[in-house]
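**Q** Here's the letter readout for the chains.
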Amino acid sequence: MLLTVDRLEKSFGEGAARQAVLHGVSLSLEAGESLAITGESGSGKSTLLHLIGLLDRPDAGEIRLKGELISALDEAGRAARRRDTIGLVFQQFNLVPSLTVAGNLALQARLAKTHDPAWIATLAERLGLTDYLARYPEQLSGGQQQRVAVGRALATRPALLLADEPTGNLDENTTQDVLALMLELCRDSGTALVMATHSQAAAKQLTRHEHLTGGKLS
Amino acid sequence: MTLTALIALLSHWRRKPGQLATLIIGLGLATALWTSVQAINAEARASYDEASATLGGGTVMVLTAADGRIPVSTWSRLRRDGWAASPVIEGELIAGDERFVLRGVEPLSAPAGEAALAPGDQALGLAFLTAPGLLLTAPESVEQLSTLNGLPPVEASAAVARSEIITDIAVAARLLGRGDQVDAVLVDTRARTGQTPLDQLVPELERRTGSSNGEVAQLTGSFHLNLTAFGFLSFAVGLFIVYAAIGLAFEQRRATLRTLRALGTPVWSIMAALIIEALALALLAGAIGVVLGYVVASALLPGVAATLRGLYGASVSGALAVRPEWWVSGFAIAVLGALAATALSIRRAATLPLLASAQPRAWALASARRFVQQAVIALTLLLIAAIIPQLFSGIIAGFALLACLLVGAAVILPPALAAVLHVGQRFARGPISEWFLADTRQQLPGLSLALMALMLALATNIGVGTMVSSFRLTFEGWLDQRLAAELYVTTSDEAQSEQVRQWLEPRADAVLPIWNADTEIAGRPGEVYGVIDHATYRDNWPLLTATDDAWDLIATGQGVLVNEQSWRSLGLNLGDAVELGAGAPLILVGVYSDYGNPNAQAIIGLDALTTRYGADVSRLRYGLRLAAEDVAALTQALQAEFDLPANGVIDQASIKAFSLAVFERTFAVTAALNVLTLSVAAFAMFASLLTLASMRLPQLAPVWALGLSRASLAKLELLRAGVLAMLTWLIALPTGLMLAWVLLSVVNVEAFGWRLPMHLFPLDWLILAALAVLAALIAALLPARSLIKRPPREFLQIFAQER
Numbered sequence: 001m002l003l004t005v006d007r008l009e010k011s012f013g014e015g016a017a018r019q020a021v022l023h024g025v026s027l028s029l030e031a032g033e034s035l036a037i038t039g040e041s042g043s044g045k046s047t048l049l050h051l052i053g054l055l056d057r058p059d060a061g062e063i064r065l066k067g068e069l070i071s072a073l074d075e076a077g078r079a080a081r082r083r084d085t086i087g088l089v090f091q092q093f094n095l096v097p098s099l100t101v102a103g104n105l106a107l108q109a110r111l112a113k114t115h116d117p118a119w120i121a122t123l124a125e126r127l128g129l130t131d132y133l134a135r136y137p138e139q140l141s142g143g144q145q146q147r148v149a150v151g152r153a154l155a156t157r158p159a160l161l162l163a164d165e166p167t168g169n170l171d172e173n174t175t176q177d178v179l180a181l182m183l184e185l186c187r188d189s190g191t192a193l194v195m196a197t198h199s200q201a202a203a204k205q206l207t208r209h210e211h212l213t214g215g216k217l218s
Numbered sequence: 001m002t003l004t005a006l007i008a009l010l011s012h013w014r015r016k017p018g019q020l021a022t023l024i025i026g027l028g029l030a031t032a033l034w035t036s037v038q039a040i041n042a043e044a045r046a047s048y049d050e051a052s053a054t055l056g057g058g059t060v061m062v063l064t065a066a067d068g069r070i071p072v073s074t075w076s077r078l079r080r081d082g083w084a085a086s087p088v089i090e091g092e093l094i095a096g097d098e099r100f101v102l103r104g105v106e107p108l109s110a111p112a113g114e115a116a117l118a119p120g121d122q123a124l125g126l127a128f129l130t131a132p133g134l135l136l137t138a139p140e141s142v143e144q145l146s147t148l149n150g151l152p153p154v155e156a157s158a159a160v161a162r163s164e165i166i167t168d169i170a171v172a173a174r175l176l177g178r179g180d181q182v183d184a185v186l187v188d189t190r191a192r193t194g195q196t197p198l199d200q201l202v203p204e205l206e207r208r209t210g211s212s213n214g215e216v217a218q219l220t221g222s223f224h225l226n227l228t229a230f231g232f233l234s235f236a237v238g239l240f241i242v243y244a245a246i247g248l249a250f251e252q253r254r255a256t257l258r259t260l261r262a263l264g265t266p267v268w269s270i271m272a273a274l275i276i277e278a279l280a281l282a283l284l285a286g287a288i289g290v291v292l293g294y295v296v297a298s299a300l301l302p303g304v305a306a307t308l309r310g311l312y313g314a315s316v317s318g319a320l321a322v323r324p325e326w327w328v329s330g331f332a333i334a335v336l337g338a339l340a341a342t343a344l345s346i347r348r349a350a351t352l353p354l355l356a357s358a359q360p361r362a363w364a365l366a367s368a369r370r371f372v373q374q375a376v377i378a379l380t381l382l383l384i385a386a387i388i389p390q391l392f393s394g395i396i397a398g399f400a401l402l403a404c405l406l407v408g409a410a411v412i413l414p415p416a417l418a419a420v421l422h423v424g425q426r427f428a429r430g431p432i433s434e435w436f437l438a439d440t441r442q443q444l445p446g447l448s449l450a451l452m453a454l455m456l457a458l459a460t461n462i463g464v465g466t467m468v469s470s471f472r473l474t475f476e477g478w479l480d481q482r483l484a485a486e487l488y489v490t491t492s493d494e495a496q497s498e499q500v501r502q503w504l505e506p507r508a509d510a511v512l513p514i515w516n517a518d519t520e521i522a523g524r525p526g527e528v529y530g531v532i533d534h535a536t537y538r539d540n541w542p543l544l545t546a547t548d549d550a551w552d553l554i555a556t557g558q559g560v561l562v563n564e565q566s567w568r569s570l571g572l573n574l575g576d577a578v579e580l581g582a583g584a585p586l587i588l589v590g591v592y593s594d595y596g597n598p599n600a601q602a603i604i605g606l607d608a609l610t611t612r613y614g615a616d617v618s619r620l621r622y623g624l625r626l627a628a629e630d631v632a633a634l635t636q637a638l639q640a641e642f643d644l645p646a647n648g649v650i651d652q653a654s655i656k657a658f659s660l661a662v663f664e665r666t667f668a669v670t671a672a673l674n675v676l677t678l679s680v681a682a683f684a685m686f687a688s689l690l691t692l693a694s695m696r697l698p699q700l701a702p703v704w705a706l707g708l709s710r711a712s713l714a715k716l717e718l719l720r721a722g723v724l725a726m727l728t729w730l731i732a733l734p735t736g737l738m739l740a741w742v743l744l745s746v747v748n749v750e751a752f753g754w755r756l757p758m759h760l761f762p763l764d765w766l767i768l769a770a771l772a773v774l775a776a777l778i779a780a781l782l783p784a785r786s787l788i789k790r791p792p793r794e795f796l797q798i799f800a801q802e803r
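So the sequences go chain by chain: A and B.
Residues in the first sequence are numbered from 1 upward in steps of one, following my numbering.
Residues in the second sequence are numbered from 1 upward in steps of one, following my numbering.
Worth flagging that the hints you see were computed from the coordinates, not collected in a lab.
Nothing here was measured: the structure is a model prediction, and the numbers come from that model.
C-beta: ideal position from N, C-alpha, C; glycine also.
Heads up, some of the hints might be wrong.
[Said to hold, decoys possible] Some chain A residues close to chain B (C-beta under 7 Å, calculated; not the full set): (1) L73; (2) R83; (3) L88; (4) L99; (5) R110.
Only chain A is shown next, with the shape it has when bound in the complex (with noise of 0.2 Å):
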């Protein structure tokens, strides 16, 4: 099993004002399997991605990764799993704006130290970004700009690719095309994906779907 989330609580606010938003959610995922979690704003999605991205801490529950415990790892152990074993797509693309794309595309290799040029051409190639490697973000679409995200999760080749809304801010045509290439490329990687999604049609597309609702998984 490449990822195990056991019984994962979240709540958010102090006192009076808090609110629980997972409430023991627990899933697995093969390798190179794909899940798509859908449900309503609010819902946790993107609070489930973020625990298992190890971009925040649960409440209660665990993550396992390759069987490692990593949901207890401290800050530096944190870090090098979010480097070197997932892949992290955001729906604001947060690109580095002052990096090209090519320079966009291998930051994350680099940082992990597992930069390979050919690798990255590759993915260059099959995102349709080859034309576009020394321009800026600032001087691409939104559906190129998500491409370069894409591509930047998959330089290091990671085990687990996570994708919050990917597609939220693209419109119908590229978000088929961006979620495609995703998909393609992730099977060819063998790269295991959860991606969030309000979007029925992007769900069905995935191996798997579970729907967040009330805190928990249906």
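Assemble chain B onto chain A, guided by the hints.
**A** Okay, now just chain B, sitting in the frame of chain A:
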């Protein structure tokens, strides 16, 4: 990993070259001003040490006589006894508005440290020794001296300090009108067998070693401290730019930092990258600053050298050497400044929450609570500033007071501006004025550092300007009083002095002897002058305080006047008995101002002077009262009749012009640093407005959409800069006046020994206000212009982006 993070962070500057330039120029300018002051101080210290070394660093002793003159026979006696002794003559030579120290040495017996004599240069040696002699002076003084008639040929020597002339002792004796007397004899203290001890051989002479040059360092200490304080203030103003630029860069890179963290970059790696970035910028800016500092110091040093000579008689080289102590200090302050300015950004980067939503202008949303905290801190500092003079004294306490005052005023500026704008909002009529005031208030956190820098520069300008102008006004009045005689005559020796006096008696309205003796005043080395009972003194002498019968008691030999600096440092009161070396103590009957003299001085009746000090009295100078139209004729007649020394006859106007020139030079450095600091502050304003302009779109876009044109918005931006500059000036004005008061009443008294009355110059303030507004408008012009030219598409994008 750190390298990758560093490259990602540094890439920001490639996209924002203007911001990078702001940062480097700011840090470079700050370092330059600091380095220039350090370079000047280092050069001065080196000159004092060199002077000390010239005197053998303790192995050479200086022998002087109590009356200031040593017969040549005394020197011969020392030589015959086997002592390595060399005579020295020193005097003043005035050329135009420059006062030179003419030093006559005997090259064959001079100590080895006299580098100016260029040992081994045969041609120079012969020219130096044989008639008509040779004057060695600093390269920049050659031209000025060459214009004087009757002087031997002048040659440049880099080893001679500016305003100094070295020549053979015989030439100096002739030019200064000395007969067979010298001023001092330098003796190698390493006695050989068979020599008579100095205290037996020349018991009449006073002995001091080179270490007494420490007195010069001590005297000039306050001056250098003043310069250092000014340098530090300039550096602090420059640091505001760096802090603002780094703070803004952090906000702009907040998203990048968060992305780097999300991609797995550890916190320590990001912190290391930020520190490496700060160090790299500091080294680059430091190098620029050190080079600029050298240029500034080279330009200012001649003025400082003249000031030190004029104020303290200290000899400082006019040429600047590259000394490790100041360039290392320049780099060190650049690094420290950059790290200090980066510290907050590093701390915020370390604690940056990974998941907080991006708030590109979070820093601009400073809460009212923060303003209250600032106000409390500022009021505490101002309270401390008010208490310091009640509890402490001394130059350090003076500077502590200044620091509390300036920092307190700077910190109170943003809350004070916020309060003024808040009140303005209540009275605002119409939506545009309401929006304008509210938006200006919201801009304050982003502009506050630049405004604080502007406030400090304006306050310094007002404070130092008021101090200098008050001093100038007082000094001019004082010169008018003190230099009442129309003509001043200096004779070669006492025989000539008597002849000149007798010759002048029938030709002038009054001949006022300016006779003096070196002695001790209340146990301190000083000089006592004797005056005759004449209306010139009663009507003109600048007395600060005196008994009603002061001049009567002086005339009868019962009273004494002392200069202000002695009066203050000795803590004397009118009616106190003052010891004057010889004879019974005299009653203190008055105190006179004596600007520019670091030593103790007293005035008694002429008869009392000659009775007390007898042969020790120097009787060579006179002041002459006569009708102004007779001055030229009498000058010519005097010069034709007598073989007077160079500059033997000087009219009142020349001395006043010379004194004022010295005064102007004294404050040339201050004025230059003042202008530079103001320029740095104007640049800070420009940098902040330019950077803010690129982040202002979210605030401007809704107003634009509601129907305000880009041109109207640009005009409002200009108006905002002008209004903020004006309000800043309003707060700088009382701060500057308090600064002037502290400088005049605390720092000057401690540093120089005199207190000056404070005069107000409202016209100067208004000019400064106009300059401040103009600087702000110029600073806002470029951002306003780019706002007008910004395509509407960019405004529309604001609404398309989720923020």
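**Q** Compare the structure with each hint and give your call.
**A** Now for the hints, and whether the structure bears them out:
1. L73: 12 Å, violated
2. R83: 2 Å, holds
3. L88: Holds, about 6 Å.
4. L99: Nearest chain B Cβ about 5 Å off; hint holds.
5. R110: Holds: closest Cβ of chain B sits about 4 Å from R110 of chain A, inside 7 Å.
Checked against the numbered hints listed earlier, the structure breaks hint 1 alone; every other hint is satisfied.
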